[in-house]
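Order-wise, the sequence lines are chains A and B.
Residue 6 is where the first sequence starts when you use our numbering, and the numbers rise one by one after that.
Residue 588 is where the second sequence starts when you use our numbering, and the numbers rise one by one after that.
Derived from the structure by calculation, the hints contain no laboratory data.
Wrong hints could be hidden among the right ones.
Stated by the list, open to error - Simulated crosslink set (PhoX-like; lysine-lysine; CA at most 25 Å straight-line):
1. Lys746(A) <-> Lys597(B)
2. Lys814(A) <-> Lys693(B)
3. Lys814(A) <-> Lys1147(B)
4. Lys977(A) <-> Lys597(B)
5. Lys751(B) <-> Lys814(A)
6. Lys508(A) <-> Lys419(A)
7. Lys599(A) <-> Lys886(B)
8. Lys1135(B) <-> Lys1147(B)
9. Lys888(A) <-> Lys951(A)
Stated by the list, open to error - Which stretches of chain A does chain B cover? Using the computed rule of at least three CB atoms under 8 Å from a CB of chain B, they are:
10. 265-274
11. 368-381
Every residue, glycine too, gets a C-beta built ideally from N, C-alpha and C.
Here are the chains, one letter per residue:
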Amino acid sequence: MNFFALCKGHPMNGLLTRTPRALTARTAGCYSATGRSIFLAMKLTAVILLAFSLHLAARTHSQSISFSGRDVSLKRAIAEIKKQTGFLVVYNKELIKNAQRVTVNVHNQPLTDFLDLVLENQQLSYSIKDNNILISYRPVSTSPFNRKPADPVDIPPISGIVREVDGPPLAGVNIQIKGANKGVITDADGRFTIDAPPDAILIISFVGFITREVPVAQGNINILLERESESLNQVVVVGYGTAKKATLTGSVTAIKGAELAKAPSINLSNSLAGRLPGLTAVTRSGEPGQDGSILRIRGSNTLNDNSPLVVVDGIPGRAMERIDPADIESITILKDASAAIYGARAANGVILVTTKRGLTGKPQLTVSLNQGWASPTVIPKMADAATYAQMINEIKLYRQRDPLYTDEMIELYKNGSDPLRYPNTDWFKETFKPYSVQNYANVSVAGGSENVRYMFSVGTKFQDGTYRNSATNYSQVNFRSNIDAKLNKFIRVSFDLAGRQEKRNYPTRSSSVIYSSTLRGKPNVRAYWPNGLPGPDIERGENPVVLATSETGYDRDKTYVLESIGKIDIDIPWVKGLSITGNVSFDKAISNRKLWQKPWNLYYWDGQTLDADNQPVLNKGIRGFAEPRLTQSLMDGGRTMVNTLINYSTTISKEHNIKILAGAERIKGDTMTFSAFRRYFITAAADQLFAGGDLEKDNNGSASVNSRLNYFGRFNYNFSEKYLVEFVFRYDGSYIFPEGKRFGFFPGISLGWRISQEKFWQDHLSFIRDFKIRGSWGQTGNDRISPYQYLASYGFSGVAIFNESVENKALAELRIPNPNVTWEISNQSNIGFDAQFLNGRLSVTADYFSNLRTNILHFRNASVPATSGIVLPRENIGEVINKGFDFEVSYRGQAGALRYTVSVNGGHQKNKIKFWDETPGAPIYQQSTGHPMNSGLYYNATGIFKDQAAVDAYPHWDNARPGDVVFEDVNKDGQLNGLDRVRNDKTDLPTFSGGLSIDLQYRSFYLSVLMQGASGAIRNHYSFSGESGNYFDEDAIGRWTPDNINATKPRTWNYNEEYWMASPNSYWLRNNDYIRLKNVELGYTIPQSVNKRLGIKGSSVYVSGLNLLTFDKLTNWDPETSSSTPYPSSKVLNVGLNVTL
Amino acid sequence: MIALTVSCKKDLDTKPQDEFSDIDTWNDPALIEAFLNGIYRGIDNPADGGDGLLKAEFVDEMHDQWYSFFEFNNSLLTSDNLASWAHEDWNSLYNSIRSCNLFLEKIETAPLEDIIVDDKTLTERMTGEAVFLRAYFYHQLTSLYGGVPLVVKSYQLTDDFSVKRDTYADCIQFISDELDKAAALLPIVQSGGNSGRATRGAALALKSRTLLYAASALHANNPVFSGYSNPELLGYTDGNREQQWEAARDAAKAVIDMGTYGLFKANPATGDSIAQNLVDIFLTKNTEEDIFVRYYVAKSGENNLPLASGPNGYHLYGEDTPSGELVDDFEMADGTPFDWNDPTKATEPYRNRDPRFYAAILYEGVKFKPRPADVVILDPVGVIQVGTWQKWNSATNSMVEVQGLDSRRSPIEDFNGGYTGYYLRKFIDPAADGQFSGQDVPWRYIRYAEILLNYAEACIELNQDAEARIYLNMIRKRAGMPDIIESGNALKARYRNERRVELAFEDHRFYDVRRWLIAPEAYRQFSGVNVLYKLNPDKTTATIPEIKPIVVQNSAWVNKAYFFPVMRDEMNKNAMLIQNPDY
């Protein structure tokens, strides 16, 4: 039996991992020392950078145009801009349909000059923001609408209309005068009027659209806003840089932080499900502080670790889960060979998280407050006391023993007339509360001038446990400061600092023990006595109503994380398009854990003795521990990353666009752990080490280091943004492998063809605004195995005791070396397309992929016989193929004042083991080669033996009896044994997952709905049921009994005493396909008139929810969980308020 | 960038911080010894708690309710499923054997100083230990599987791993020779900090056990497997059985003749509680009877017998409980057998029994130790209660039944209650509260009493009855039991019962019923008792309970279970292996 579950899985993903008690952290991918060599390297980098900066010279930023045309349409001339500069020119067709034709002849003319030239004499003006040129209406001075300001004190109001590009007017758009605390909002027809001086600049902003700055012209202004997500010019974060969506060739999906912030989940990873095609996110547990989702990009590809690489602001290996959603600008996932630039650890895909940075403008303070109520998504329904008593009698009956309960007793359990002696306890109701609170608040200030931009943010989170009198909760405070400064024309620096404190509080027994003792809780035993004292346990003092509280002590963990990056970015003045960037990052994590375990009291009644008041006389029992004991542990980890990037971009002959990136990067990390233990505290009053006894005190400690060195590069070429080529590579060295096998080269190539840029397309298929096909192939690596498999090594394993009581260290061989251990390689192929129809209202992206993982590091344990006695090292022997597709279709439209976006995404993948070391000789139907990884062997349950005749008529287990589960004699040899087990291809991870999101905006209201679903996974339905624990109602109702022999459910069983409980079989497998209302947000944007009165810029209130509805076939489990004793998953109802000052 | 590269390439040469390299390990005497210590940990620990801790549960000594024990005790073993067997097996033993092989290869070049301790150099002593340990593991392999591949080198990854099974005779010869070699290298006494390490006596005693097993009927052209194509894997196919018994006898005698060992409290003084002496054999840390032992410290919980075997009325698990069959085999104090059909014996079955019964078994009404705080009010004395009390409730004018605290209908964790009505007393330190900690009582793998019994058995098989009786009666005397005077088959029967009782729960019976080919008798059923304190006609409750034997669970024997199967996976991995019969 499992004794004391002292240990908990540890939350410090990325930086630190924890092994229970012993605290021998061996942390692949962890952290690095501040050794001398790092500082040396930093110094050298700084010297090089400085050297460049001493030779700065003037360099022009302007793009230039060469063009000659006689009497060409304005459209044609404008198209040239796009072709030559890459700038996107946005305009309303109506606007330029009637424009005058132009004649120009320019050579290397600056862009602005060119624009001035072609727009001369047109009723049009332009504005440039980033890479966008917006052409808008400019009334000529003779316009009757124009009223010249005769007098500065009498400034006429400016009025205008805001429309969507190619679309209808927009209501609720925020119009603000730059530099003034003054703004208005557009009405239902998109119109606005604002008092503004003639030299003012209007800032036009609207959620979901690119913010524009428009200089005030006289009279009416027509403003066109372009949708953010639909912009082909949208910039997407990719490895070590950004890329224009239009010219992306890899399979890359991105989401804005604002979308993620809609989900009221305390853990960021739980906001991802259903949002990104190809990303599967499964929330296994709702336990505060431990509720991270399992993330898989395109499913599972290797027999080893399948988790993707998380890169936060360019730093690989940082944790994502606890980042404040308000700080997130975007999340990008790299699904195919485009990840090869992170080569070494990118085989499972890469998740790039980018935090927000300040924008030029007045400081803007945003306050966001959220209060939520979480409750379990599903609570098992257990048998009542009368049913339980009846079933216990059935156990006895089947074993020819006397029944334990008489019919009268069962009746008393049923009628509840004597709740003291014959209680009917609902243990889940006693242990779990109906809802628990959570809250989240964030305050951020962002703004900046031409030279300095900043973003400061502080946030707090709190999440209470779901137990009554819960000892479990999670709280966090975090801050982030991202500062960018422009030192001069050529040098930009930035400094980012983020920190947080994560506090995790738990009782001393794990959530799994608490859940299991709740499941086991006998309904005919009281949880509490009438006087409020806790009742008996199941065993080991395990009464869940006490275990969930602080009565047993506590297990507290405080983790501090500090992350910093300093960056310098230098444009090399004498080479146009060349820049050099240096990054130095230092991350630190410290974790303190304090496990204080003390005896607790439970109260027992002999079932008879009553006191004068007719109350039961209770006996106090001391349970759990003989005396208090304390374990304190410390983990300290650090990671340093230094890299240098060189970027060069140029355009040759106006058509050949070239971008080159080269870089080198070094990462070093280290961790140390230390722990101390004392017991024999004479009192529980002081929970500090000094108060512990001296006997059996203990301490421990360990450490690990890691180091990586990489060179990487990217080469982009496109011909007029029509034919696209990208080549990436990484040459990666990892400390995990032996010298000589240490470095791996990981290339990736991708090609794209924007067919829609071809003339024939534009002539015939112009209704498809944009169509691009993409293809990629690449190799990425995976080194997520225990390091040093190439070394023969030995480790301590327990003690051998000699001389009666003297502990002597015992050493064991850890493995025999594999001198050839090297990279696991992922060969990734992808083909896909991006298309936009209906003027960009409908967009479709789809990808098909095939990943062949070779060199998988696995054990040759299936062919090396045990007589060798060898502890095998990992060898590069496995091969797994994983194929599938993912897609996203989205449509945005408008019906009257209702604007809506509907988008569907999904991803399907199926993996198959091509080769691993499978024991030869197993029958075909049992072999795992050719089947998905981690599939299991199960007996086929084909029914229930209705009577003895049925048992006799079919091959059966030796002691089978009526009411037992029929196992199929698969190989028809007339007997049942291990050969009758069949491999089941399904595992606990879904093969398809997808989402449907609907966003509606009606005047000031908005509604955002995300339905999410997954299919193709199975889970086990299992419980401790029997004399040692209650049954699920599901198993009790309709079970086989001598009176119900045609049942489809087996007879009452006792724990795992029956063969069909002890041997994995299909009867207990459950399909956990589901669709759930993952996320809803209904909001109301408070009218500006109200805001004005309150003196604020903008505000909105909203109600949001998580996992509000679930459609599945399971009655007792949340479909995302896989454990038989999960911490309940949460559904959350949340109200929130956003205020901008 | 260049600087970054140059300064960093050597940074990739990291070293594991929590492991020791090959070179470090084999050049450091402390680590070499630590490695040897690790091999000791490979010896099966029967006391570590959890399911199926004692081998007693796999034969008619103890009952365990879980289904997998039902499977095992009904001979439902297959090459896919060893049921609950959680002791040493093919894989774990070969793992340990590799460690021995590696150690023996490495120690040849290890830089050890030739310090003489206990008359032996460090190299001799440690080599001797490794040779002994390897022989110990091979002894366990042959006892379960018959002849097995004799692997005496440490494989590298590139080696060919296919091996064939050596014959049973070759294996026994190998083990015997190795133990002779170990005996020569090992000191007679490992003193001070080394006490608990293998000694010359341990090597000779293991040789005695090995040769005794080998001489037994199971391995002597056993008719049970007459149709099996490879009898040489299961036993001797030729050879002189008398010679084998002589070898077994001589091996036991060699230990006796060392003069190093004696029985603990061999001649009880008048006024001694013999039962207490017998308890103390197992609770005392170091006795003259110990030949090869394992020590424990309480905090590690590696000896968890108090929790696993203790009664539920003490908040303990009571998972494995002595069987009625074993209890009934304890003789009466006068040396006559116990008999349920004898009314006087059956009325008070726990009176006047062999003192070893009281030292080994907890039974209805025996005082054990104080109850935990919450239970003490129900039983202030601390008496084992497995029965039911019929009591008169004058308030309701009806009879109520009160269930014993250690019964399966106890108010305390009833589902942890045992089925047989008995709990384990032997090896259990009453001072250890199993709820909260383990105990530090040593486990005796080999004790002198076994050697005396081994010697007596060989003598009996060689018709040297008088010699056998001398040694048998030494043990009887220590136990306060009258001498055995029988001869011939009657003596053999008394001997076998004596061995069963003296070595109860000590992992012997499992092998004995197999090598004597009496398994069909041993795997029939598990019995227990129903204990009822009846309501007297005068409405008082009887003080002497009615105790009736009951069958708790059926067992069944199938001959294939004389040997373990080689697992299907292993067969598949090594084409040269031959499976044991009927698997």
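For each hint, the structure was consulted:
Restraint check: the Cα-Cα separation between Lys746(A) and Lys597(B) comes to about 14 Å, which is no more than 25 Å; the hinted pair holds. For the hint linking Lys814(A) to Lys693(B), the alpha-carbon distance of about 19 Å falls within 25 Å, and the restraint holds. A C-alpha spacing of about 41 Å is found between Lys814(A) and Lys1147(B), which places the hinted pair above 25 Å, so the restraint is violated. Between Lys977(A) and Lys597(B) the CA atoms are separated by roughly 62 Å; this puts the pair beyond 25 Å, and the hint is violated.
In summary, the hint linking Lys751(B) to Lys814(A) is not supported, as the alpha carbons are separated by about 36 Å, beyond the 25 Å threshold. A distance of roughly 45 Å separates the Cα atoms of Lys508(A) and Lys419(A); the hinted pair therefore is violated under the 25 Å criterion. Taking the CA atoms of Lys599(A) and Lys886(B), the gap is near 20 Å; set against the 25 Å cutoff, the hint holds. Proximity of Lys1135(B) to Lys1147(B) is assessed by CA-CA distance (about 34 Å); at most 25 Å being required, the pair is judged violated.
Under the criterion of a C-alpha separation no larger than 25 Å, the hint pairing Lys888(A) with Lys951(A) is inconsistent with the structure, at around 44 Å. By the rule of at least three residues with a Cβ nearer than 8 Å to a Cβ of chain B, the coverage given for the segment 265-274 of chain A is violated, with 0 such residues. With a threshold of 8 Å between beta carbons, the proposed coverage of the segment 368-381 of chain A by chain B is violated, since 0 of its residues qualify and at least three are required.
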